[in-house]
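Enquirer: Okay, here's what each chain looks like letter by letter:
Protein chains: 2
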Amino acid sequence: MDGLVIVSNRGAVTFFRAESGERTYSRGAGGLVTALNAVSRQSENAVWVSSATSDEDLSVAKEGGPYEVEDLRVSLVEHDPEAYDLMYNRIANPLLWFVHHGLYNLPFSPDFGEDTKDAWERGYVRVNENFAEAVAKMVEGEESPTILLHDYQLYMAPKLVREKVGGDAFVSLFVHIPWPEPDSWRVLPNYIREGVLESLLHANVVAFHTNRYARAFLSTVEEVLGFEVDAENGVVRAGGREVWVRAYPISIDPSEFEELSGSEAVLEEEEYIKSLPGKLLLRVDRMDLSKNIVRGFRAYGRMLEKHPGMRGEVTFLAQLQPSRGGIPEYDAYADEIREVVEEVNEAYGTSEWKPVELSIEDNFPRSVAAYKNYDALLVNAVRDGMNLVAKEAAVVNEKDGVLILSEGAGAYEELKDGAITVNPFDLDEQAEAIYEALTMLEEERREKADLLRRTVHSNTIEDWVEAQMKDIAAYRRR
Amino acid sequence: MDGLVIVSNRGAVTFFRAESGERTYSRGAGGLVTALNAVSRQSENAVWVSSATSDEDLSVAKEGGPYEVEDLRVSLVEHDPEAYDLMYNRIANPLLWFVHHGLYNLPFSPDFGEDTKDAWERGYVRVNENFAEAVAKMVEGEESPTILLHDYQLYMAPKLVREKVGGDAFVSLFVHIPWPEPDSWRVLPNYIREGVLESLLHANVVAFHTNRYARAFLSTVEEVLGFEVDAENGVVRAGGREVWVRAYPISIDPSEFEELSGSEAVLEEEEYIKSLPGKLLLRVDRMDLSKNIVRGFRAYGRMLEKHPGMRGEVTFLAQLQPSRGGIPEYDAYADEIREVVEEVNEAYGTSEWKPVELSIEDNFPRSVAAYKNYDALLVNAVRDGMNLVAKEAAVVNEKDGVLILSEGAGAYEELKDGAITVNPFDLDEQAEAIYEALTMLEEERREKADLLRRTVHSNTIEDWVEAQMKDIAAYRRR
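In order, the protein sequences belong to chains A and B.
Per our numbering, residue 1 is the first one in the first sequence, and the count goes up by one each step.
Per our numbering, residue 1001 is the first one in the second sequence, and the count goes up by one each step.
Keep in mind that a hint or two might mislead.
Unchecked claim - The calculated lysine to aspartate or glutamate pairs, modelled on DMTMM-like cross-linking and capped at a C-alpha distance of 25 Å, are:
hint, chain 1, residue 1, chain 2, residue 2
1, B, Lys1306, A, Asp111
2, A, Lys416, B, Glu1114
3, A, Lys306, B, Asp1115
4, A, Lys306, B, Asp1111
5, A, Lys117, B, Glu1432
6, A, Lys117, B, Asp1428
7, B, Lys1416, A, Glu407
8, A, Lys416, B, Glu1228
9, B, Lys1416, A, Glu432
10, B, Lys1117, A, Glu407
11, A, Lys117, B, Glu1436
12, B, Lys1416, A, Glu114
13, B, Lys1117, A, Glu305
14, B, Lys1306, A, Glu114
15, B, Lys1117, A, Glu198
16, B, Lys1416, A, Glu222
17, A, Lys117, B, Glu1407
18, A, Lys416, B, Glu1222
19, B, Lys1399, B, Glu1357
20, B, Lys1306, A, Asp471
21, B, Lys1416, A, Glu228
22, A, Lys416, B, Asp1111
23, A, Lys416, B, Glu1194
Said to hold, decoys possible - Here are the in silico distance ranges between beta carbons for each label pair:
hint, chain 1, residue 1, chain 2, residue 2, range
24, A, Ala18, B, Asn1190, 52 to 60 Å
25, A, Glu361, B, Asn1190, 49 to 57 Å
26, B, Glu1019, A, Glu346, 54 to 62 Å
27, A, Met469, B, Arg1237, 53 to 61 Å
28, A, Gly240, B, Asp1118, 56 to 64 Å
29, B, Asn1190, A, Met469, 38 to 46 Å
30, A, Ser458, B, Glu1242, 36 to 44 Å
31, B, Ala1473, A, Leu225, 43 to 51 Å
32, B, Arg1338, A, Arg237, 50 to 58 Å
33, A, Leu451, B, Lys1164, 42 to 50 Å
34, A, Glu194, B, Glu1268, 47 to 55 Å
35, B, Glu1343, A, Asp168, 55 to 63 Å
36, A, Ala347, B, Asp1118, 21 to 29 Å
37, B, Arg1010, A, Glu447, 48 to 56 Å
Quick caveat, the hints were computed from the structure, so don't treat them as lab data.
Beta carbons: idealized from backbone N, C-alpha and C, even for Gly.
Construct all of the structure, not just a fragment, from the sequences and the given hints.
Expert: In structure tokens, the structure reads:
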């Protein structure tokens, strides 16, 4: 086939100058990067286009590219810093993230206005134009390239790319966060809510992690644009194009985690983990409003209140990665997290026992060490695109640990039968789930843990890529 | 046909003892009461069942009934005061109202727990059982009575009534508030979200004010219960029953408002209204979080900022009815309303001109007097079942006043073409809409106002009743 271009705001590689003056780089980590690495391996000529972020990135961007780094060919896009700031800090992270996760307190916020429109046009749309130009340059002269756009920073790209590369290119956009229902989507100003939908319908495939999000997207197209959709087959017809709306639940590379779990760094952290008294209740999350961290501690407190026998018999380790500091809602949330932890520790702690260990730091080896050793893992997100923690932890855990899983996590669709599922808004239900998880009999624990492991192994990141590649081929053949 | 029974929590009549010791009563007012009065006129034997609220109501309740009052036959239901309090103040008003209107700040509230379950079982369900018993007594011995249940206080009644009166009775439940989409409904604890849906599917017709709510209900049944629904025809099959899901947009009695507008009380208030300087921008609302009162004042402030020529040329009269004082969210909202009004008045007011007149009182004659005289009416609700203010005001206004209407109001479906429509979250859009409304040329004003009047007259409260009666007949014939 013609060229394969992967596009995401964050790339796999950041360049910098070593002290010696030589160009060097670091490779990023995280779920999306792992996933797109797997996509990139599909074709020798795949190019991965992303935003230049460091000074040295800008030099690479100016040189054109693609630039080869190990097994990758990357191309970097330069943005005007103000445009990028508006896209990232005014539109993508506060506004789109909040709408997709249902985080607004609607009687009071948001307040949209001319500043929103300005940030949209001079920021978000501008950055998307830069990406479209870069993509067009990459596929120049090709008749039917494959262009895979990723995530909510690039919603305007399908339209802008299509205008440049024509109808024979295959274009998809993968949304890695939950898709909201029509009324939530309607919160957005008209130029965004209709603009984004119309742009997305310039793709050939619009992809999500769950069937529920795919259905919500189809409803949104129906309700907001008034288009007819074929919900049963997941098809929308728009502008003479057939748009397939599909779910491909993202996953992990189990072997990567199996390897990691034996690494020196993880083994070192395991000493700390094993020093914690009693059973281990674990959560590992970015400190985001959507993760439901405060209610998790409250529920744990209720559990200790109702089951005094558990006091001293469990430690709740919360491994929290700082996030989006400087945004007032996030700073307030971080404060509330610290307060509620203090409350629980004061109410139930003793000189020998601290009910909650709060670890606010970016410490991946410690997280993996904790994955190996938890008795119960709490994933109680209000809403979450997928939640890879649930999958990562399941494959390396050595204790048949029990997963407590929110109905609001994307992972719910695949993992619910291997988990204790909870309504993220019900504190007593979560309290009971924690108790049940910590006291579950061995046989049931093993059955559930086995099911989780099998489920993750039956849909790895390679399967995720393959399913998409199959559909691309089927789409081209149809 | 057999008997007709109307059931609503609030009734048309409250009894009390006059000083003379005689039993007397007062008739209630408001949109729903007017509407149900019209339903009641459909049959000479219609009985209207509602909760006893006063001491004298309790005496009436104990006597059995039905009790005749003018053209009505009423029957009152006695509740245990604690059960009623739990239903009303723990479930219906905070919890169901908030979910239906999307008022929760989900990262932080609600916190459901055992207290919720207790309030549900000992309060909400208990009150619904009382209603079901009262209804059963009313229709004893009848083979196919018609039982029309109204609103979100009675969600468990369809099932409880059906169990008592059997399959040949026609049972409907009318939801007078917006129906939320599946993800919002999922916020509720399982016993409520599934319990309510399963109960509602014991009705023959589930009715809403708009097609959008009816569609949202069908999606909710599909997503939450996993039932197949026939969305095109608005039909769900459940328990061997065909459940019709229908929209009947509620309306008003135009003649009632035409009469009112000439009444002494209204004419007196008109003197005050006419003394306000400049053009009249009006809002009339209960002080509810869903009404978007704060953003309305902010938008008005922005309008004055951007169009200095309007300063001194307009008065914004906000006629606000106090509501749900004592609920912390409502008290805080009332404070914020007062603050923002002060801000706007301080920023733009002069010794001769007060930009906002804030009138917090229950003064219906003044509202009607203002209806007659506004140049622009602001209805910018975040979400609103119907919003009858828009319809009432349209029929008595004498100035071809312009309606500014939120996309989130139920009235949007019928009235949007006669209004300037706004996204309730976009301040600048609302500011421009206010400016546009106040400066619109006469011909366009007249055209829009004519269209509004014709629309309201073409679907009065009598039409609303008739459409439902027709469907009841069609359902029985099918």
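Enquirer: List, from low to high, the hint numbers that the structure doesn't satisfy.
Expert: 7, 9, 15, 20, 25, 27 and 31
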